[in-house]
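Enquirer: Spelled out, the chains give:
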Amino acid sequence: MNDMSESDRLPTLPKRSVVSMAGEKLLEFIIRLSGISAIVFVLAIFFFIFREAAPIFFSENFNLVKFLFNAEWYPTSVTNVRYGTLALTVGSISVTLLAMSIAVPFGLGSAVYISEFCSPRLKEALKIIIELLAAIPSVVWGFIGLTVMSRTIISLTGAPVGVNLLNGGLILALMSVPIIVSIAEDALKAVPDSYREAALALGATNWQVVYRVLLPSAKNGLLAAVLLGIGRSVGETMAVLMATGHAVQIPHGLLDSVRTLTANIAAELGEASASSDHYHVLFLTGVLLFILTFAVNLTADFVIRGIRRK
Amino acid sequence: MPMTNNLDPAQRFTKTEFVVRKERIQSITKVLFAVMAISMIIPLLLIIGYLFYHALPSLSWEFLVEVPKKGMRDGGIWPAFVGTLYLVVISLAIAAPVGVFAAVYLNEYAKDNWFNRIIHLAVINLAGVPSIVHALFGLGAFVYAAEFGYSILSAALTLAIMTLPVIIASTREALASVPMPFREACWNVGASRWQTIRAVVVPNSISGILTGIILQVSRAAGETAPVMFTGAVFYKAVERGELFPYQLNEQCMALSMHLYTVATQVPNVKESIPYATAVVLLCSVLLVNAGAIALRVWLRNHKKW
Chain A
0 MNDMSESDRL
10 PTLPKRSVVS
20 MAGEKLLEFI
30 IRLSGISAIV
40 FVLAIFFFIF
50 REAAPIFFSE
60 NFNLVKFLFN
70 AEWYPTSVTN
80 VRYGTLALTV
90 GSISVTLLAM
100 SIAVPFGLGS
110 AVYISEFCSP
120 RLKEALKIII
130 ELLAAIPSVV
140 WGFIGLTVMS
150 RTIISLTGAP
160 VGVNLLNGGL
170 ILALMSVPII
180 VSIAEDALKA
190 VPDSYREAAL
200 ALGATNWQVV
210 YRVLLPSAKN
220 GLLAAVLLGI
230 GRSVGETMAV
240 LMATGHAVQI
250 PHGLLDSVRT
260 LTANIAAELG
270 EASASSDHYH
280 VLFLTGVLLF
290 ILTFAVNLTA
300 DFVIRGIRRK
Chain B
0 MPMTNNLDPA
10 QRFTKTEFVV
20 RKERIQSITK
30 VLFAVMAISM
40 IIPLLLIIGY
50 LFYHALPSLS
60 WEFLVEVPKK
70 GMRDGGIWPA
80 FVGTLYLVVI
90 SLAIAAPVGV
100 FAAVYLNEYA
110 KDNWFNRIIH
120 LAVINLAGVP
130 SIVHALFGLG
140 AFVYAAEFGY
150 SILSAALTLA
160 IMTLPVIIAS
170 TREALASVPM
180 PFREACWNVG
190 ASRWQTIRAV
200 VVPNSISGIL
210 TGIILQVSRA
220 AGETAPVMFT
230 GAVFYKAVER
240 GELFPYQLNE
250 QCMALSMHLY
260 TVATQVPNVK
270 ESIPYATAVV
280 LLCSVLLVNA
290 GAIALRVWLR
300 NHKKW
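Listed in order, the protein sequences are those of chains A and B.
At position 61 of the first sequence the residue is numbered 60 (numbering that gives the first Met the number 0), and the sequence of numbers has no breaks.
At position 27 of the second sequence the residue is numbered 26 (numbering that gives the first Met the number 0), and the sequence of numbers has no breaks.
Rather than coming from a laboratory, the hints here were simulated on the basis of the structure.
Please note: incorrect hints may appear among the correct ones.
[What the hints assert, rightly or not] 25 Å max Cα-Cα, derived DMTMM-like pairs, lysine to aspartate or glutamate:
| id | chain 1 | residue 1 | chain 2 | residue 2 |
| --- | --- | --- | --- | --- |
| 1 | B | 68 | B | 270 |
| 2 | B | 14 | A | 300 |
| 3 | A | 24 | B | 270 |
| 4 | B | 235 | A | 267 |
| 5 | A | 126 | A | 59 |
| 6 | A | 65 | A | 196 |
| 7 | A | 126 | A | 115 |
| 8 | A | 218 | B | 172 |
| 9 | A | 122 | B | 172 |
| 10 | B | 302 | A | 300 |
| 11 | B | 110 | A | 300 |
| 12 | B | 29 | B | 16 |
| 13 | B | 302 | A | 123 |
| 14 | B | 29 | A | 115 |
| 15 | B | 29 | A | 196 |
[Said to hold, decoys possible] Rough simulated footprint, nothing fancy, chain A against chain B, three-plus residues with beta-carbon under 8 Å:
| id | region |
| --- | --- |
| 16 | 23-29 |
| 17 | 43-52 |
| 18 | 101-109 |
| 19 | 276-286 |
The structure presented is a predicted model; accordingly, all values stated were derived computationally and were not measured.
In this text, a Cβ means the ideal position worked out from N, Cα and C, and glycines have one as well.
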């Protein structure tokens with residue numbers, strides 16, 4: 000209202016047409032609507048997966064405790080159907096742990112090298128390569144696991160099959176290094192240069208700057224990088240489907256085949272007939288995965304937010 | 000005194016034990032980290048070289064435009080290649096406008112309150128949802144609940160929701176890089192919020208916005224799990240080199256799924272075919288990404304402020 004009276008007093012000011020004003024209001028409405036779309040989609044994902052999973056709770060073959068803590072997964076058995084996901088969970092955890100034990104030191108080391116040690120030109124080149132690495136599709140990684148990695152593992156260790164825990168872990172490590180590097184590098188970049196300059200002025204070497212100054216002040220960002228790497232490994236599907244072998248078992252060594260929660264859904268969803276118990280259980284596994292990654296991502300965000308507040 | 004005989008200061012200066020140690024550690028760590036950085040690149044180059052080497056017998060223009068023959072044991076990948084183009088174009092046509100608008104809202108309109116913090120958390124979590132969970136969602140929501148059936152539409156919608164959070168994040172970053180005084184100058188001459196966005200903010204950040212969207216082209220092209228259960232099929236009869244073989248409500252083949260199929264599901268495939276499929280997928284993705292990166296570097300060098 001105030002605007003109107005002001006523009007009345009200024010006769011030379013051209014007025015905008017009603018259509019243009021209404022158009023702007025409409026556009027701003029669409030913008031606001033798009034803004035909340037992310038919330039809608041997250042809720043929708045949870046709702047629709049849970050809706051397909053829910054009927055399993057009314058099936059007499061199902062028991063939530065057994066679902067979580069039993070290692071016997073026989074979804075298509077005629078006489079005694081058992082839906083225990085423990086072996087799959089252990090599979091997911093072991094592959095992720097193996098991948099992280101390689102990817103975290105290499106990822107953080109590379110991030111430190113890129114951020115602190117190398118020349119600006121090399122830094123630019125390395126960052127581009129890492130971005131390209133991050134773009135390689137997971138099915139191509141899976142294919143690499145199935146062919147190159149599998150043959151290498153067989154010839155080096157003499158294992159009967161090359162698709163196993165070790166293979167999946169190595170592939171996942173290669174896949175999650177780029178994400179760890181880029182986020183860790185961001186975290187190191189966020190440390191003010193004055194910190195570095197103060198340390199260098201006291202005669203510290205690059206390594207001393209990294210060890211005494213950067214690591215303590217960027218530790219939250221680095222932790223977030225690790226968490227997001229874990230999130231990506233747990234959620235990875237095609238690569239582990241193709242590279243880990245297909246045995247539902249609790250692994251006893253690096254050369255045992257395993258199956259993960261994600262790969263299990265991908266492998267069996269096509270065969271499970273819609274609205275069978277098996278189908279609902281696979282959706283319930285999806286709910287489990289959704290909650291798991293939700294927790295990891297939320298933690299990572301709180302950790303990152305922690306540094307910003309400081 | 001022997002010390003006075005030698006007057007050359009370069010000879011006289013001796014490092015303390017402490018300095019020697021610190022410099023030694025410095026050089027060791029530098030080499031160690033360099034080795035770490037290199038050791039994640041070299042094996043990869045070897046692997047890609049290996050893929051190319053094994054793909055060579057099949058790689059040709061014919062392989063790209065020919066249809067699969069003899070139950071995928073021979074021939075080319077044309078239906079899969081076109082199918083992937085369909086999925087990528089349609090999914091981005093949906094995700095890009097929504098994502099850009101959402102980013103405009105978050106960066107230009109949203110105040111820092113609890114509601115917008117929840118939106119921010121939702122975007123982050125959406126980005127972290129595993130691809131197989133997206134597949135389950137697409138199956139439950141689009142294929143069954145919305146009754147689109149197994150179709151290109153369902154698959155493209157699933158991919159759109161997958162790529163959305165990353166488009167929001169990259170667009171937001173691009174918008175945030177436009178300096179505040181640009182907006183203030185525009186407001187001060189009486190422009191409304193939307194006029195400022197249209198005339199100043201978006202033109203000055205369009206390169207960043209486009210780069211972010213182009214990078215999602217490759218992501219959408221490479222995803223397998225979400226399309227596998229919502230709209231992609233093992234085989235679909237298509238004419239050789241036909242440009243528009245699919246309808247929206249039909250299923251299609253997809254390059255990523257075709258690779259999975261020929262690599263694991265079909266016995267006795269000619270050895271070079273899965274390798275060549277992998278190389279085509281890998282090269283398309285890397286070329287698109289390299290293009291986006293080149294665009295970004297070029298625009299950064301030509302930045303006006």
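Enquirer: Provide an ascending list of the numbers of those earlier hints which the structure does not satisfy.
Expert: The structure breaks hints 2, 3, 5, 6, 10; every other hint is satisfied.
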